[in-house]
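*Asks:* Starting from the known structure of chain D, fit chain W onto it as the hints suggest.
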Amino acid sequence: MPKLEISLSAAFESPGVIGAALVDAVTGLAYRSAGDFSTLGEAHEVAELTTLIAGVLHEAGAPGELESVVITSTRRHEIVQTVPGRAPLNSAVLFVALDRERANLALAVREAAALAESILT
Amino acid sequence: MSVPTLASQPPRNVPALLAKLLTEDFTGAVEVSGTPSGTIHLRRGMVIAVDTPNAPSVETLLIRSGRIDEAAWATALTRRAATQSTDTDNEDTSDLNAVLIDLGLIGQGELEAVCIAAVYDAAFAMALQPAEGWTVHKAAVPPALVTCPGESPRTLADETTRRISTLSENWGSLAELAGARCRPAARIDPGLLTSRQQAVLLAANGRRTPRDIAFFLGCGVFPTMLDIARLRARRLVEWETPRPATTPSTARRAAPPPTDQLPEGPAVLPRRPRRDRPSEDTSESGTTEGRNSS
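Here the protein sequences line up with chains D and W, keeping their order. Counted from 1, the first sequence has number 2 at position 2 by this note's numbering; the numbering is strictly sequential. Every position in the second sequence, counted from 1, becomes a number in this note's numbering once 121 is added.
Next up, chain W with everything else stripped away, as it sits in the complex:
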């Protein structure tokens, strides 16, 4: 475990460290170690970017969501490399930002919003597990796309707390939700779902966790976890709750069908038998009887 380097009285946690760095007008980076490792980039104490493998970066958000086409992104990177040699010192907005807007790939306002959203989402993803330690770097190169002027560490900490309590109030164990490999639980008319919910349901294939779905769709980890929590509340997704390794499941497993009876053709996939809910059956028979008697 690394030891806090800056002060005689070391801050208790990352939010306390960021609050202290704000008072020092610090520019640089805080590298947080732990299972959700990551780097928090600061400019004059304000958080301009958070980089973690646990949440999609601005680039992933833009490309995976289909907002910016991959070839167009490559063009922007080439253009930026070409301009970098001539225009060396551009501090306020990074030049990739300007190139993306010049090429008409995204609006300035929208790019700002995506960069802000990415900061909060990465902070949330890192907060899902406690940090083990941190190192403060005075000289650090910030990512190409950052928010300007940056997010206040206090607002960032408050929002992260709110996000964690929103989810844990409804779901109890955040660790379970974060690790849930969810899959659709029932058939539903897609017309009854928003396009977001449809996309999340399509991406939930029983192997992806909410984080994986967020990377796949190019949206935040927190909104994906919210979507999954809400879909679960409507019994539209399900997942197997992880069991301790010492108690193996004793549930009967259906024997696989003999191979010669498998349906032919690649288009036919095996389907899970549809579960009719008993409440629907009883209410249906109840109304029929009622009508007959009256």
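Bound conformation, chain D alone:
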């Protein structure tokens, strides 16, 4: 089984996860996805939003790089976690969608960051 699919299905082991996807941050292409992750928009829309946020931070002269965006609706959390880059020009983001009833957001953010660290290895 391909590595990306194995990594994404591992995300479902933590409580409340209903969807996960690895997405190209520039093109919005979902490389691989599992479960229901599009409740807050299509992959390319969320990638555009993330690019916009990163761009605004840059233009405002904010120090450092964007690491994650958390979108919360009354029923869902969606974590957009930047994947630490190995290639300088091609960046990827990890989406994790969670059911608010069952998820612990702080734990989920930590686990999303850990998955982002390992998914490209």
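Everything labelled a hint here was simulated from the structure, so no lab data went into it. Each hint should be verified, as a subset may be incorrect.
Claimed, not checked - Chain W is nowhere near these chain D residues, computed Cβ spacing over 12 Å in every case:
(1) 3
(2) 35
(3) 99
As the list claims (entries may be wrong) - Partner residues aside, some chain W positions facing chain D, computed with beta carbon under 8 Å:
(4) 148
(5) 238
(6) 315
(7) 317
(8) 341
Heads up, the beta-carbon is just placed ideally off N, CA and C, and yes, glycines get one too.
*Replies:* Here is chain W on its own, set in the frame of chain D:
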């Protein structure tokens, strides 16, 4: 023009052909002729690789981007040639894939992502102009690096449509954007740009098209076109719109400076005069007046 070979009812276009080949569980290749010629490799109907001169290959993406060093790539090719004689039948993952990972040059997940990205980018690059025809080959050798299990032809067609409409909604003529030989239009503090934007601006030298910049940087044609479209929206790049050959430009051209007045030394390059935008001037004087009067 070649004639579709497989069916009594020929498919209308390449996506229709791929959809039909998926139902037939077809393994082989579709050679598309046209200005953006290319070959679509299929395994059991799924698209595992798309090879076209109009978009960087997986190898180009990895080497030109600096992700894998050229000498290390050569080592991997040698190692693969050595193992090929002993290990002949490895169908699931190509052996170059395994060698690159064994040598620690790239992670499995990252290599998968690059191969997937290359398929979508090549399909986009081929879709920029209509195909003239195609030939279906049952026996075809796929490239060394392919995606596994492959991309669904339907998803590939949908994504390509989305990419074309994303760009054409913002830019109208895709042909103009694809052929634009762009150059930086204004000076900007590099701190205000992402590293990608900086790289694209540095590569845009007035001679390269977005495709050339993509090959130069080792990134996709579609993301490069997106970058250029966004930089243009911020007035950071410009290009001359191609004119019909029948109406030559009547714009006055500045006479070249006499050669004896050229600055000495190789480090000093001629600079385009900086264009101050009139809106900035008026707003500046406006605020000053406002402050004085109050």
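*Asks:* Are the hints correct? Go through all of them and say.
*Replies:* Evaluated hints:
1. 3: violated (4 Å)
2. 35: holds (17 Å)
3. 99: Answer for residue 99 (chain D): holds, closest chain W Cβ roughly 26 Å.
4. 148: violated (18 Å)
5. 238: It holds, given that the least Cβ distance between residue 238 (chain W) and chain D is near 6 Å, below 8 Å.
6. 315: holds (6 Å)
7. 317: holds (5 Å)
8. 341: Hint holds; residue 341 (chain W) Cβ to chain D Cβ min 7 Å, cut 8 Å.
In this structure, the hints that do not hold are numbers 1, 4, in rising order.
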